[in-house]
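Read top to bottom, the protein sequences are chains A and B. Residue 87 in our numbering sits at position 87 of the first sequence; the count goes up by one each step and never skips. Residue 334 in our numbering sits at position 334 of the second sequence; the count goes up by one each step and never skips.
Just to be clear, a hint being listed does not mean it is correct.
What the hints assert, rightly or not - Derived BS3-like pairs: lysine-lysine, alpha-carbon spacing no greater than 25 Å straight-line:
1. A/71 x A/149
2. A/15 x A/86
3. A/93 x A/82
4. B/345 x A/8
5. B/66 x A/15
6. A/15 x A/93
7. A/84 x A/149
8. B/98 x A/8
9. A/149 x A/86
Hints are computed from structural coordinates only; laboratory data are not their basis. These figures come from a predicted structure and were not determined experimentally.
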Amino acid sequence: MLGSGIIKGLAVTAKNLAGSFHDPARYVTQEFPEVQPQLPENSRNFPFLVADDGADPMGTLRCVACQICEKECPPQCIYIEKSKDKKPDAAGKLQLYPAVFAIDTSVCMSCQICVEVCPFDAIKMDQVFAIATTDRFNGLLLNREQLAKSNQYYHSIHPTEATEVDARLAAERKAAEEKARAAAAAKAAAPKPAAPPPPQPPA
Amino acid sequence: MPPAPIFATLDPDRAFLERAPLLVRDFVTGLFPPSLQWLAGNLLAVVVIVLFFASLFALLTLAERKILGRIQNRPGPNRTGPAGLLQPLADAVKTLVKEDIVPRAADQVLHFLAPVVLVSLALMAFAVLPYGRHLVPVELDAAVLYFFAAGAATELAVFMAGWASRNKYSLLAAMRALAQLISYELPLLLSVVPVVMLAGTLSTTGIVAAQAGWTYGVIPHWHVLTPWGAAGFLLFFVSALAESNRSPFDLPEAESELIAGHLTEYSGFKYALFFMAEYFGMTALCGMGVTLFLGGWQAPCAFLEFIPSYAWFFAKLLLLLGVFMWIRGTLPRLRIDQLTRFAWKFLVPLALINLGTAAFWQLSAGWSGPALQLARWLVALALVAGPFTLLGRRLSAGVAPRTYRYAA
Numbered sequence: 001m002l003g004s005g006i007i008k009g010l011a012v013t014a015k016n017l018a019g020s021f022h023d024p025a026r027y028v029t030q031e032f033p034e035v036q037p038q039l040p041e042n043s044r045n046f047p048f049l050v051a052d053d054g055a056d057p058m059g060t061l062r063c064v065a066c067q068i069c070e071k072e073c074p075p076q077c078i079y080i081e082k083s084k085d086k087k088p089d090a091a092g093k094l095q096l097y098p099a100v101f102a103i104d105t106s107v108c109m110s111c112q113i114c115v116e117v118c119p120f121d122a123i124k125m126d127q128v129f130a131i132a133t134t135d136r137f138n139g140l141l142l143n144r145e146q147l148a149k150s151n152q153y154y155h156s157i158h159p160t161e162a163t164e165v166d167a168r169l170a171a172e173r174k175a176a177e178e179k180a181r182a183a184a185a186a187k188a189a190a191p192k193p194a195a196p197p198p199p200q201p202p203a
Numbered sequence: 001m002p003p004a005p006i007f008a009t010l011d012p013d014r015a016f017l018e019r020a021p022l023l024v025r026d027f028v029t030g031l032f033p034p035s036l037q038w039l040a041g042n043l044l045a046v047v048v049i050v051l052f053f054a055s056l057f058a059l060l061t062l063a064e065r066k067i068l069g070r071i072q073n074r075p076g077p078n079r080t081g082p083a084g085l086l087q088p089l090a091d092a093v094k095t096l097v098k099e100d101i102v103p104r105a106a107d108q109v110l111h112f113l114a115p116v117v118l119v120s121l122a123l124m125a126f127a128v129l130p131y132g133r134h135l136v137p138v139e140l141d142a143a144v145l146y147f148f149a150a151g152a153a154t155e156l157a158v159f160m161a162g163w164a165s166r167n168k169y170s171l172l173a174a175m176r177a178l179a180q181l182i183s184y185e186l187p188l189l190l191s192v193v194p195v196v197m198l199a200g201t202l203s204t205t206g207i208v209a210a211q212a213g214w215t216y217g218v219i220p221h222w223h224v225l226t227p228w229g230a231a232g233f234l235l236f237f238v239s240a241l242a243e244s245n246r247s248p249f250d251l252p253e254a255e256s257e258l259i260a261g262h263l264t265e266y267s268g269f270k271y272a273l274f275f276m277a278e279y280f281g282m283t284a285l286c287g288m289g290v291t292l293f294l295g296g297w298q299a300p301c302a303f304l305e306f307i308p309s310y311a312w313f314f315a316k317l318l319l320l321l322g323v324f325m326w327i328r329g330t331l332p333r334l335r336i337d338q339l340t341r342f343a344w345k346f347l348v349p350l351a352l353i354n355l356g357t358a359a360f361w362q363l364s365a366g367w368s369g370p371a372l373q374l375a376r377w378l379v380a381l382a383l384v385a386g387p388f389t390l391l392g393r394r395l396s397a398g399v400a401p402r403t404y405r406y407a408a
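Make a model of the complete structure from these sequences and hints.
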């Protein structure tokens, strides 16, 4: 009959109106500043730098200032200056580190290419979205100190990915140690440099 | 003769609460010299109406946003003050401090005049509504006529706004507003004619008096409880939605097509005035609907008469306004051709037939005995339901029910 659709529609909205007062399944609004959102694990916005030790982030940055991300960044929002000296990294090997590492988040397009190209798992995507600022120039240009966040933080926002990265880094470190040990053993066993050491599989 | 009401009440005509507004009025006018008392009384009524309905408007905007929010499973405004109660105040401050931009090419005088005329015409309609047993600001013999004349004139102010803005969207909206006025004024008035016919008067107090009394003390003699009255009320309600530019008939300000329609070139407080006029018009039409069909200030049962009459009027008024908001949260907007088609091909014929139904009801008023009463009701119901079904089936043939290929 004419008008039955209207009555059905009115019933639907009336159910919503009443249901939103007593049915939590209908009332889905989370009031933001009081209730922080539970973001999905794969959500991302701007990059951050992973530091192995949260207590000393500047000393334990994984970044070695190779500048691959700077070159690959499509909107060119990363700026890196290499250090003059070298510091030992997590594996004890001497490496350069970024003396200046800046990301202009007003330019960044959150494409994650810097993360894809980083061979050191040093740059990852963050989930912080409440980044409004009153200064649109300096407030949006993040420096090394603001970008550095601990590996624990990385685990807290992307647990699956971070565990996988940790396992891979540990395997690489172990392989490097074994390689060094094998090289030392070979050196000790065969002092004559006649036979070259057998080629190692790439780590 | 219906039996006596269950609860013995005070004579409602003399009850203190019933007379309280009159006592306040007499006190205030008593402060003036006798020669000026008539003027003071009238000005007091104007001031009270403006203040009361302006604050009702503020509350309605909040209620509307809250109800629409709940219909969409949101909380609605809840940040300003406790539970968002100060939101209208914040809105008022915002519109007052906003820059008032007048386009250089606009007709300056008309552009300024349009919101003023609109609000004043919308306010004029409040003058003749009987808010309570003793609360009629202006007692007119042709009150119904006056009311609809003032209501129809508001659409001219909308056209004024659209024309003066010198903006194609505004002008389109203005032309739509006129098309809507012509289409819906007719069913609106035709749905009112039976009431006037049966009550035998154009005076609103007379129409309310015609709906007085109860059967067995519990069933009120409101027009809406008769077959022709129910049909008339529905016709009136639909036409009132269109007359007050409310969803689903809010074509003059269809934001998806016309930016903001006739409001496109308005900002700041003038915009707020338009908004206020829309709510005034809606409230006035709801008040008229209450007066014509829902018994005005009459209590629904005899034993509820101890509650003052103005409380009943406003309870019914708020109920109708709530249904307006409910419909706004439910129905999508019509197209302009659907709008006019619906009015001319459906509402006008039904309203004309309803005139005949009311005439039959009036002529059969003398029928007595259960069999004749039953026959009276059945004939009247058939006169209402038959044309509705036949016309609906004929008009929706080939159009409805709509089938969806991709949606469930």
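Comparing the hints with the structure gives:
1. A/71 x A/149: Within the cut-off at roughly 23 Å; holds.
2. A/15 x A/86: Distance ~67 Å between residue 15 of chain A and residue 86 of chain A Cα, so the pair is violated.
3. A/93 x A/82: holds, 17 Å
4. B/345 x A/8: holds, 24 Å
5. B/66 x A/15: holds, 15 Å
6. A/15 x A/93: violated, 66 Å
7. A/84 x A/149: OK: residue 84 of chain A and residue 149 of chain A at ~23 Å, within 25 Å.
8. B/98 x A/8: violated, 42 Å
9. A/149 x A/86: Measuring from Cα to Cα gives roughly 21 Å; hence the hint holds.
The earlier numbered hints that this structure contradicts are 2, 6 and 8.
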